[in-house]
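Assemble chain H onto chain Y, guided by the hints.
As you go down the protein sequences, you meet chains Y and H in turn. Residue numbers for the first sequence follow our numbering, so the first one is 1 and each next one is one higher. Residue numbers for the second sequence follow our numbering, so the first one is 1 and each next one is one higher.
Fair warning: there could be bad hints in the mix.
For identical chains, the list gives no copy identity; a pair is met inside one copy or between any two copies.
Claimed, not checked - Pairs of lysine-lysine, DSS-like flavour, derived with a Cα cap of 30 Å:
{"id": "1", "residue 1": "K103", "residue 2": "K179"}
{"id": "2", "residue 1": "K179", "residue 2": "K102"}
{"id": "3", "residue 1": "K32", "residue 2": "K61"}
{"id": "4", "residue 1": "K49", "residue 2": "K169"}
{"id": "5", "residue 1": "K49", "residue 2": "K103"}
{"id": "6", "residue 1": "K79", "residue 2": "K179"}
{"id": "7", "residue 1": "K61", "residue 2": "K49"}
{"id": "8", "residue 1": "K32", "residue 2": "K116"}
{"id": "9", "residue 1": "K79", "residue 2": "K173"}
{"id": "10", "residue 1": "K116", "residue 2": "K103"}
{"id": "11", "residue 1": "K102", "residue 2": "K156"}
{"id": "12", "residue 1": "K179", "residue 2": "K169"}
{"id": "13", "residue 1": "K116", "residue 2": "K52"}
{"id": "14", "residue 1": "K156", "residue 2": "K116"}
{"id": "15", "residue 1": "K170", "residue 2": "K79"}
{"id": "16", "residue 1": "K52", "residue 2": "K32"}
{"id": "17", "residue 1": "K170", "residue 2": "K102"}
Hints were generated in silico from the structure; no laboratory data involved.
Protein chains: 2
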Amino acid sequence: MEIVVLRLGHRPERDQRVTTHVGLVGRALGAKGMLLAANDQGIERSITKVTKQWGGNFFVKTGVNWRAELASWRQSGGKVCHLTMYGENILEVIPEIRAEMKKENAHLMVVVGAEKVPFEVFEAADWNVAVSNQPHSEVAALALLLDHLHEGRELKAVFEHAELQIVPKKRGKEVIVTKRV
Amino acid sequence: MEIVVLRLGHRPERDQRVTTHVGLVGRALGAKGMLLAANDQGIERSITKVTKQWGGNFFVKTGVNWRAELASWRQSGGKVCHLTMYGENILEVIPEIRAEMKKENAHLMVVVGAEKVPFEVFEAADWNVAVSNQPHSEVAALALLLDHLHEGRELKAVFEHAELQIVPKKRGKEVIVTKRV
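Just chain Y, with the same shape it has in the complex (with noise of 0.2 Å):
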């Protein structure tokens, strides 16, 4: 199962923190890159820079154009999961998401929205899932729609090459710094 973030709506001067945190949610939790539709090399950086300290091979790709990556995404066979309050609840439509993930070459988009998304992304998308029906977060809303489809196993991943590791710990804090020279 592969799975790439599609981040729209990105205001530079707004949110550039929400948007971090969403690419990180994406790769901490089993997503394979982002891609954003908007020109914001600080957010690239800053993802990239963590992932290069905590392992993984996460890309960030911004300026994408939505519309083209949505239409090869769908002609290349890949599936696309919307999240909006609006849709149908992540309850009801998980069972179908996982299943659908568990074919061969299975690929999932999941499009991350800010306010008033275009009504061609409902359209477009084989799922408009709404984590909970109620306002929040894009960001919780990723976290949750990736812990679901995972079924919680993506929680203890181990990252590759990273240079950072933490050793969980009742109280305190300890990490191991493995620094290639």
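Only chain H this time, still in chain Y's reference frame:
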């Protein structure tokens, strides 16, 4: 089970949206209220506006003294869960937290920090919980903790006296508006 979120380390100039998301996630996923250890009336206003429209009784209290709140919570027999990527993995500790929360009059304070949480918080907590031991987002960490605690039931919560209520849909938007006059 009664849950209150304590938000630490909020800097009004930088954290306004992230802290608003923390509050909205708390509200949507079954917490009773948020204590904010900073003076930021804007947060209180925007979350209270959401509660007025979308229902329920979620409270926001700003300008609290976090040391005093933690101490009185513990004195009243409440448990404290601190979200930190340095802690024990959520999958290891969630059965214990769930069991504690099934006891009579159980109440849980979930501490959500920003950068550099004082060590006394680690010490005061009954559980220091890592929602994955990777850096990502306090918004996502709170959402996943609440979801694992409630085992998904909160995702279908219906809120009392809501002016706005979404009718889940495969495509498009449908909202029932009930204006009290």
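Classify it for me, K61 with K49: is the Cα-Cα distance of at most 30 Å met within a copy, between copies, both or neither? Intra 14 Å, inter 36 Å, cutoff 30 Å: intra-copy only.
Give the relationship of K49 and K169 under a CA distance limit of 30 Å: within one copy only, between copies only, both, or neither. within (25 Å within a copy, 39 Å between copies)
Cα distance capped at 30 Å. Does K179 pair with K169 within a copy, between copies, both, or neither? So K179 and K169 pass the 30 Å test inside one copy only (22 Å; across, 50 Å).
Can you give me the call for K170 and K102, within, between, both or neither, at a CA distance of at most 30 Å? between (36 Å within a copy, 22 Å between copies)
Treating 30 Å as the Cα threshold, decide for K116 and K103: within, between, both or neither. So K116 and K103 fail the 30 Å test inside a copy (33 Å) and across (43 Å) alike.
Copy assignment of K49 with K103, given that the CA separation must stay at most 30 Å: Answer is neither; intra-copy 33 Å and inter-copy 44 Å both fail.
Have a look at K32 and K61 and pick one of within, between, both or neither, based on CA distance no larger than 30 Å. Within one copy, since 11 Å is at most 30 Å while 39 Å is not.
Reference check for the pair K179 and K102, CA-CA at most 30 Å: within, between, both, or neither? neither (37 Å within a copy, 45 Å between copies)
State whether the alpha carbon distance between K156 and K116 is at most 30 Å within one copy, between copies, both, or neither. between (35 Å within a copy, 23 Å between copies)
When no copy is named, should K79 and K173 be tagged within, between, both, or neither for a Cα gap of at most 30 Å? So K79 and K173 pass the 30 Å test across copies only (21 Å; inside, 40 Å).
Intra- versus inter-copy proximity for K116 and K32 (alpha-carbon distance at most 30 Å): both (26 Å within a copy, 29 Å between copies)
Treating 30 Å as the Cα threshold, decide for K52 and K32: within, between, both or neither. within (15 Å within a copy, 39 Å between copies)
Hint compliance for this structure: hints 1, 2, 5, 6 and 10 are broken, all remaining hints hold.
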